[in-house]
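Trainee: Given next are the chains, with one letter for each unit.
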Amino acid sequence: MNFPEQIKYAKSHEWLRQDGTTGYVGVSDFAQSELGDVVFVDISASVGDELEAGESFGTIEAVKTVSDLYMPVSGKLLEVNQIIVDKPETINSDPYGDGWMIKIEVTGDASNLLDAGAYGASVGH
Amino acid sequence: MNDQTTTATETAELKRTALYDVHVKLGAKIVPFAGYQMPVSYRGIVAEHAAVRERVGIFDVSHMGEVTVKGPAALDFVQKITVNDASSLAHGQAQYSAMCLESGGIVDDLLVYRRGDDDFFLVINASNIAKDFAWMQQNALEGMELKNVSDDYTLLAVQGPKSADTLRKLASADLDAIAYYHFVDGEVAGVPMIISRTGYTGELGFELYFSSDTATGERVWNAIMEAGAEFGIEPVGLGARDTLRLEMGYCLYGNDIDESTNTIEAGLGWITKINKGVFNGRDVIVKVKEEKPHRKLVGFEMNERGIPRQHYDITVNGERVGEVTSGTSSPTMGKGIGMGYVESRYTGIGSIINVMIRGQAVPATIVKLPILKKG
Chain V
1 MNFPEQIKYA
11 KSHEWLRQDG
21 TTGYVGVSDF
31 AQSELGDVVF
41 VDISASVGDE
51 LEAGESFGTI
61 EAVKTVSDLY
71 MPVSGKLLEV
81 NQIIVDKPET
91 INSDPYGDGW
101 MIKIEVTGDA
111 SNLLDAGAYG
121 ASVGH
Chain A
126 MNDQTTTATE
136 TAELKRTALY
146 DVHVKLGAKI
156 VPFAGYQMPV
166 SYRGIVAEHA
176 AVRERVGIFD
186 VSHMGEVTVK
196 GPAALDFVQK
206 ITVNDASSLA
216 HGQAQYSAMC
226 LESGGIVDDL
236 LVYRRGDDDF
246 FLVINASNIA
256 KDFAWMQQNA
266 LEGMELKNVS
276 DDYTLLAVQG
286 PKSADTLRKL
296 ASADLDAIAY
306 YHFVDGEVAG
316 VPMIISRTGY
326 TGELGFELYF
336 SSDTATGERV
346 WNAIMEAGAE
356 FGIEPVGLGA
366 RDTLRLEMGY
376 CLYGNDIDES
386 TNTIEAGLGW
396 ITKINKGVFN
406 GRDVIVKVKE
416 EKPHRKLVGF
426 EMNERGIPRQ
436 HYDITVNGER
446 VGEVTSGTSS
456 PTMGKGIGMG
466 YVESRYTGIG
476 SIINVMIRGQ
486 AVPATIVKLP
496 ILKKG
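For the record, the sequence lines run as chains V and A.
Position 75, counted from 1, in the first sequence is what our numbering calls 75; the numbers after and before it change by one each time, with no gaps.
Counting from 1 along the second sequence, just add 125 to a position and that's the residue number in our numbering.
Okay, chain V solo, but in the shape it has when bound:
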């Protein structure tokens, strides 16, 4: 199980990679492993939407389950990653790279997100 140090994690298993005010959001290696084969990602929020931390921005579906996706931090949706729309299995193969889901302009405070060690411990790794 891989939890890179340079990103922050939400207890709801999304990650945030922040560079200045720009952020990328995806789901953790633990999340993709628990889900199994991801077959469909539905980003219900639209580009330009201002979303609160904890607000749902879409759903992720594996063969057997559907789960909501939550904003790890407040922000404005700038872009949806077309790769995960066209090839949702990319989330299984590369959850922190090509499997990112949305690009946002971070408008809120991300300081309460977990670091890699704390998140890893919270999921038993």
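Honestly, the hints are just simulated from the structure, not real lab data.
These figures come from a predicted structure and were not determined experimentally.
One thing to keep in mind: the hints can contain errors.
[Unchecked claim] In silico negatives: residues of chain V with every beta carbon more than 12 Å from chain A:
{"hint": "1", "residue": "ASN2"}
{"hint": "2", "residue": "SER46"}
{"hint": "3", "residue": "GLU50"}
{"hint": "4", "residue": "LEU51"}
{"hint": "5", "residue": "LYS76"}
{"hint": "6", "residue": "THR107"}
{"hint": "7", "residue": "ALA116"}
{"hint": "8", "residue": "GLY117"}
[What the hints assert, rightly or not] Straight-line distance between alpha carbons at most 25 Å, and here's what the computed DMTMM-like set of lysine to aspartate or glutamate pairs gives:
{"hint": "9", "chain 1": "A", "residue 1": "LYS460", "chain 2": "V", "residue 2": "GLU34"}
{"hint": "10", "chain 1": "A", "residue 1": "LYS498", "chain 2": "A", "residue 2": "GLU390"}
{"hint": "11", "chain 1": "V", "residue 1": "LYS87", "chain 2": "A", "residue 2": "GLU426"}
{"hint": "12", "chain 1": "A", "residue 1": "LYS460", "chain 2": "V", "residue 2": "GLU50"}
{"hint": "13", "chain 1": "A", "residue 1": "LYS460", "chain 2": "V", "residue 2": "GLU89"}
{"hint": "14", "chain 1": "A", "residue 1": "LYS154", "chain 2": "V", "residue 2": "GLU34"}
{"hint": "15", "chain 1": "A", "residue 1": "LYS150", "chain 2": "A", "residue 2": "ASP201"}
{"hint": "16", "chain 1": "A", "residue 1": "LYS256", "chain 2": "A", "residue 2": "GLU138"}
{"hint": "17", "chain 1": "A", "residue 1": "LYS195", "chain 2": "A", "residue 2": "GLU267"}
{"hint": "18", "chain 1": "A", "residue 1": "LYS460", "chain 2": "V", "residue 2": "ASP49"}
{"hint": "19", "chain 1": "V", "residue 1": "LYS87", "chain 2": "A", "residue 2": "GLU179"}
{"hint": "20", "chain 1": "V", "residue 1": "LYS11", "chain 2": "V", "residue 2": "GLU79"}
{"hint": "21", "chain 1": "A", "residue 1": "LYS140", "chain 2": "V", "residue 2": "GLU79"}
{"hint": "22", "chain 1": "A", "residue 1": "LYS154", "chain 2": "V", "residue 2": "ASP94"}
{"hint": "23", "chain 1": "A", "residue 1": "LYS154", "chain 2": "V", "residue 2": "ASP68"}
{"hint": "24", "chain 1": "V", "residue 1": "LYS11", "chain 2": "V", "residue 2": "ASP68"}
{"hint": "25", "chain 1": "A", "residue 1": "LYS498", "chain 2": "A", "residue 2": "GLU328"}
{"hint": "26", "chain 1": "A", "residue 1": "LYS460", "chain 2": "V", "residue 2": "ASP86"}
{"hint": "27", "chain 1": "V", "residue 1": "LYS87", "chain 2": "V", "residue 2": "GLU34"}
{"hint": "28", "chain 1": "A", "residue 1": "LYS460", "chain 2": "V", "residue 2": "ASP98"}
{"hint": "29", "chain 1": "A", "residue 1": "LYS154", "chain 2": "V", "residue 2": "GLU89"}
{"hint": "30", "chain 1": "A", "residue 1": "LYS493", "chain 2": "A", "residue 2": "GLU426"}
{"hint": "31", "chain 1": "A", "residue 1": "LYS150", "chain 2": "V", "residue 2": "GLU50"}
{"hint": "32", "chain 1": "V", "residue 1": "LYS103", "chain 2": "V", "residue 2": "GLU50"}
{"hint": "33", "chain 1": "V", "residue 1": "LYS76", "chain 2": "V", "residue 2": "ASP49"}
{"hint": "34", "chain 1": "A", "residue 1": "LYS398", "chain 2": "A", "residue 2": "ASP383"}
{"hint": "35", "chain 1": "A", "residue 1": "LYS154", "chain 2": "A", "residue 2": "ASP276"}
{"hint": "36", "chain 1": "V", "residue 1": "LYS87", "chain 2": "A", "residue 2": "GLU138"}
{"hint": "37", "chain 1": "A", "residue 1": "LYS460", "chain 2": "V", "residue 2": "ASP68"}
{"hint": "38", "chain 1": "A", "residue 1": "LYS493", "chain 2": "A", "residue 2": "ASP438"}
Glycine is no exception: its CB is placed at the ideal position from the N, C-alpha and C atoms.
Based on the hints, put chain A in the right spot on chain V.
Mentor: The following block gives chain A in isolation, referenced to the frame of chain V:
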């Protein structure tokens, strides 16, 4: 991320099959299912599903229940509690059937194996073992003996186009001589067992019933894995078992059929032999058949992106006309498929219905079963 569909259960009191350690060693994801700790997947549902469609897969389905019925009244009993005509079975033949309440509601669906004139072997769903056995005892006749032998059997399913090639290397019996829905007593890897040409996948396949002893189970499992290696055999969990059966439009008890559904509306009229004589539920079933059911279980595929899930509403022109009972992303077809009950007037093959997915009406087409059309 918040999982909406799976439920956690206490794992403390759960039973394990004889092959539990094998599954753990293979890295299976283990989930609670019907009182057992069962493997839901090993390498991934999509890969396991493809292995069965294209090559061969092995499933541990030992959680299933088995009941023996013996004695001069055995046939009369089976005729009374099931809807299919067991008198038509030859020795060594099996049939798909259902047990019904007097209301016509389905107690369980099952396989009825005839081992002799007065000797039947019933295979029931794991989640229903206690309920079914109590129901059978309540309906027992003079001159027959019922035994719940569920804990005595390991049940392995070997399914896929290469299943016969795999088992042929290990079996004492001539597998090619076993017709569909027939079985023989034979040996695989030197272990005595019932070799049955049945399955829940729509592929060529066999189900093997033998001693629930751990060492025996591991011996048979390992021998089959070794024999199937040249064909790319894979262990397959309950996840792919569900997607495989759903592509075929096979009912799953608890999803598509239960005590509130009858066999006619469930599309199981073909196993319901109203002319065989009296049986539990017959009066209601005859009436439903005469009056035509007001709803029917249909199979459908999504016309647009979206995956139907159990309990999603089905609508036509904005009006609720039914509910999804099973739904998934079909690994073979690469799109959403499902089954559900729909008001009969909207159930024509080719009819367009809508599945309500998170508030959006997503169109789907009702298709003839099986949902997956094989080339």
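Trainee: Are there hints from earlier that the structure breaks, and if so, what are their numbers?
Mentor: 12, 15, 18, 21, 31, 36
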